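Residue strings, one per chain:
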Amino acid sequence: MKPPALRVAAALMLFGLTGALLTACDGRPSEDAELNLDDKMVGAMEEYGVGDAFTATEALEFTTMFSDSPTYPYDSDWAFYQKLQEMTNVSLDTTVIPASDYAQKRSLLISSGNSPLIIPKTYPGEENPFISSGAILPISDYVEYMPNYEEKLEKWELDEEVDALRQENGKYYVLPGLHEELWPDYSIAVRTDIYEENGIALPETWDEFADSLEQLKTIYPDVTPYSDRFKGNSVLNFGAGTFGTYGGWGYGDGLTYNADSDDFAYTAASDEYKTMVEYFHDLVERGLMDPESFTQDDDSAIQKFVTGDSFAIGANSQTIVSNRATMTETLGADNFSIAKIQVPKGPAGDVIGGSRLENGLMLSSAAAKSENFVALLQFIDWLYYSDEGQEFAKWGIEGETFTKAADGTRTLATDVTFNGLNPAGTQDLRNVYGFSGGNFAYGGTTDLLRSTMLPEEVEWQIAMESREQAKVEPAIPYSEIEREQVTLLSTPLKDYVDQNTLRFILGQRDLSEYDTFISELEGKGATTYVDLANATYSK
Amino acid sequence: MKVSRSYKTFTVVNVVVLLVIVFVTLYPFINIIAQSFSSESFIRSGVVNLFPRGFNVDTYRLILADDTFWINYRNTVTYTVVGTAISMVLTTTFAYALAKKRLKGRGFFIGIAVFTMFFNGGLIPNYVLISSMGLTNTIWAIVLPNALNIFNLLIMKSFFENMPDELEEAASIDGLNTYGILWRIVLPLSKAVLATMILFYAVANWNSWFQAFLYLDKQELYPVTMYLRNMIAGATTGSAAGAVADADSTQIASNIKSVTMVLTVLPILLIYPFVQKYFVSGVMLGSVKQ
Amino acid sequence: MSAILTREASVAKEDPPRTPPRKRATGWRFMLRRDWQLYSLLVLPILFLLIFRYLPMIGNVIAFRKFQPGGNIFGEYWVGLDYFKLFINDPTFWSVFQNTITLGALTLLFSFPMPIIFALLLNELRFTKLKKFVQSASYLPHFLSVVIIAGMTLQLVSLNGTINQIITRIGGDPISFMQSAEWFRTIYVASDVWQTMGWGAILYLAALTTIDETLYEAARIDGANRWQQTLHVTLPGIAPMIVTLLILNIGTFMAVGFEKILLLYNPLIYTTADVISTYLYRIGLQSSNFSYATAIGIFESVIGLTLILSANFISRRIVGTSLW
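Chains U, P and V, in that order, are what the protein sequence lines are.
Each residue of the first sequence is one higher than the one before, counting from 40 in my numbering.
Each residue of the second sequence is one higher than the one before, counting from 5 in my numbering.
Each residue of the third sequence is one higher than the one before, counting from 7 in my numbering.
For the record, the hints were derived by calculation from the structure and aren't laboratory data.
Take these hints with a grain of salt, some might be off.
Claimed, not checked - Derived pair list, reagent style SDA-like, types lysine to any residue, alpha-carbon separation capped at 25 Å:
hint : chain 1 : residue 1 : chain 2 : residue 2
1    : P       : K108      : V       : K266
2    : P       : K195      : V       : L252
3    : V       : K135      : P       : I25
4    : V       : K266      : V       : K137
5    : P       : K281      : P       : L30
6    : V       : K137      : P       : Q280
Stated by the list, open to error - Per label pair, the in silico range of CB-to-CB distance:
hint : chain 1 : residue 1 : chain 2 : residue 2 : range
7    : P       : N150      : V       : G33       : 53 to 63 Å
8    : U       : S115      : P       : A89       : 55 to 65 Å
9    : V       : R175      : U       : T314      : 33 to 43 Å
10   : P       : F27       : V       : E223      : 48 to 58 Å
Please read all numbers here as calculations on a predicted model, not as lab measurements.
Quick reminder that beta carbons are idealized off the backbone N, C-alpha and C, glycines included.
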């Protein structure tokens, strides 16, 4: 054979072999859940229930991912790990992933079959791509081994919200972080000193907000009073909830559930969405809201606010502290005061959107094959869902990092500081000890959640308590093929909605054309999309 | 030498144009450097231009005091040196061989090289390959996968092709074999392209972070680009990470990007002047006796 | 000494005229024996390509199979051209495809000549110190990270940014650049030219050094002025480099900068700013659909390969130089 052909043939054979070998390997676990876990009890506690502290009966090690945030970089020497091992007899083998690219690397690790057992920092919804391959555990089959989780589900009446996570086969694949109550955070921060100075009351509804801005504009004609950050996606998000719809970050799949007709409609085609768009258009047209709110980067918006070129900006509990610190320098401590206003009420009444489920964790299917499976379940249950475990993850070691008074109030130990609490301390609770980190401490009782908030924020939370949570939408159990279709339909639709929402708000497109817009959406596939959703839902 | 009037005018215009270009390219740079040394309130007010306002080195201090930063910096240097060396060896040998028109099968080899410019396996197969070779968390995962850049290869090949044959013929008559010709004749005369390629590869290696992101899990192996990238991510999405928002962290947030950039760019700026001398005309002068 | 151009003619000199034209004279064994040293130089690079490039290429098969993240890395079962059909039938895909081409072409049109012109201008400078200074300053933008460039660009074109300040000062109305789709292309191309001009010139400056000084002398003796010298000595001298880079750039012009656009764009300007990679990114955020992404990737690759082959062919026919 001539040399070139020989070479090519050899190469092809090599590729073919490799391909065949790898194709032959089927890493998929069986579909049916193995519910008899008698042979997977190594290290598990025989009797384990609510209130029991988990201790593995033998020393165990579990692999886990870790989202590494640079504000408290991973440190294997953290007291968190030492104490955890002491108490539970479990040590963690962590795969450290930079937070900025966590989602991508997580996807890569799972997709290539190299995933650790525990996958934290997973938002409900993020588990969807990995289900059809069987790489992720259908955790709903095993929650009977997690008493604390079940107890909280029941006590806090979270069944409806968790049911929304169920897939086509009726199972759900992510263990969400559970909140006792809704935990709103984002709102608008205003210059309370300027409001006060001019005798303007802090607004409680969107109309009042617009009026207050109008008054400010009259007094300060050169200032556009409201210039938002987050590209407007935050205000459209929490705002939408008060208008009875979804928007901005919370737009999601673009489907709104109608309880009366028990079906779904496309969000942007609804009257509620249109009303919201009209409201913001009004703000921009009257010169009350900076049109660049929707396109400028955060730094520009912040710049305007901290130099007094605007009086209102989007904020959450952290950004407001940050802005305040900056303004102490730019304006001088006595020359300003800022605060988050209550989320303004809208036409939908005293309602805000949001979910009591926050990011949680997934387990790799390999866990079900391990002889320590039950121990793993108990360990997770204790650390993430038991009161003691959550307190530990958040506050640390009683007597060392914090003290607890008789009435339950927790105070940081003298030298420990966190999140602005106990500013005199030098050892940061997260940085130095590894507690209150985002990978292990989230969700929980309202009391626990508020225990690390600044008083100003707690006040705000208490005032927001009176708000009702918007109804939770039921799940649409798409099959894998349907889900693929759905994604490819929903993205262009959402893009078009985003585009036109902005165009309407900014006046680039006249609001009288809104109905034309709705028919354009239908032309882009909105009807197909909604029909598919309803067909699947009614199955 | 007589220089015409029009040429003089041209020179003047040329200088002006070039100076404008310099200004336009330098201004943002100087601005960034100024910001990196300024304090936060001035940055936020948007008044920092060419000079630092409210001279402040807190962010620098924070980063430079961190051991991890220096460990990562050292990693970057190692990866760059090793990676560039490997790349240069592969590219130069390949380019030289392919530049020889008499090489049978030349078109085929060039073809399989060019093909890889457009087709690659994608994220997951590459990851599986590297991890199954056991190279994750080693320097090899960083320096090997992108060692041969076809773009650079083709440019170098082009350079070699344009070298006069007489040089090599003369050398082979003198008894040098292929290796000898390459090493003693061709390379010394190719300083310009070699220097350019070294610069290209070095800069690419220096700035790379994606390979590290994919294949490294341990902080102490990261290159400094990862470290800095994380700092920016952490400082600017402070709310997501639950940042402690006191005066320090806002200062950091305000100029972390500019500080990062200065720290990353500095060494490259220092290398280039050394490389630049190879771009002097006349390298080929007098090399061929006719 | 002739001008430096390709030397295809030299190949013909190899065959000794008296040997009868037998196959053996150009056969493989003969060639291997004669050029074994050259072939030895090929071993490492080819090995490298095989292992690190061709082996993973098998993974592209998932464009034709159903890939489930976490399952078999070669996909689960054959779906044929389904994914290709998916994007061919997706109207959004074609509009982002068009944007990719437009942006790529514009970038090529403007960013390609600039480094050449710049290198030539620089070459005319007789003051060495100034020359070095200008050159060093010029390539600095290349090192600015894309995050910074995007941030600076956004600020520059904001409603009260520098550009609008200039406009208002000469009496016009401020233009809301980042909210009008028509402006994006200009902004993108301008920032690209600014960033690549100095860096791109490096190669040309290197090529300029290889031009034989005696050619200039000969031209001067013939009475050519500076402009004519440029036309007849300099340009032909760097012509191979220009052609090489042109072909390469044509081949890769679809690779429009993903990260920069991602940082600069917003929904209002999707119509001109959205390109294939950013569109895929938004889809990918929801679905991790690697099969779809790979199918589109193959599509792009085929286009790129076709382009470079055509460019190379045309170049060989018309100009005489080619990449191979």
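### Query
Is 33 to 43 Å a correct range for the gap between the Cβ atoms of V/R175 and U/T314?
Since V/R175 and U/T314 have Cβ atoms about 41 Å apart, the given range 33 to 43 Å holds.
### Task
Sort out whether P/Q280 lies within 25 Å of V/K137, counting only the CA atoms.
Judged against 25 Å, a Cα distance of about 11 Å means the pair holds.
### Query
Is the hinted range of 48 to 58 Å satisfied by the C-beta distance from P/F27 to V/E223?
Given a distance of about 35 Å, which is not inside 48 to 58 Å, the answer is violated.
### Query
Is P/K195 close enough to V/L252, meaning Cα to Cα at most 25 Å?
23 Å, holds
### Query
Is the Cα-Cα distance between P/K108 and V/K266 25 Å or less?
Roughly 43 Å between the alpha carbons, so the hint for P/K108 and V/K266 is violated.
### Message
If I claimed the Cβ atoms of P/N150 and V/G33 lie 53 to 63 Å apart, would that claim hold in this structure?
### Response
Since the Cβ atoms of P/N150 and V/G33 sit about 37 Å apart, the hinted range of 53 to 63 Å is violated.
### Message
Next pair to validate is V/K266 with V/K137; report whether the Cα-Cα distance is within 25 Å.
### Response
The hint is violated at about 31 Å.
### Query
CB of U/S115 to CB of P/A89, is that within 55 to 65 Å?
33 Å, violated
### Query
CA of P/K281 to CA of P/L30, is that 25 Å or under?
22 Å, holds
### Message
Next pair to validate is V/K135 with P/I25; report whether the Cα-Cα distance is within 25 Å.
### Response
16 Å, holds
Going through the hint list in order, the structure does not satisfy hints 1, 4, 7, 8 and 10.
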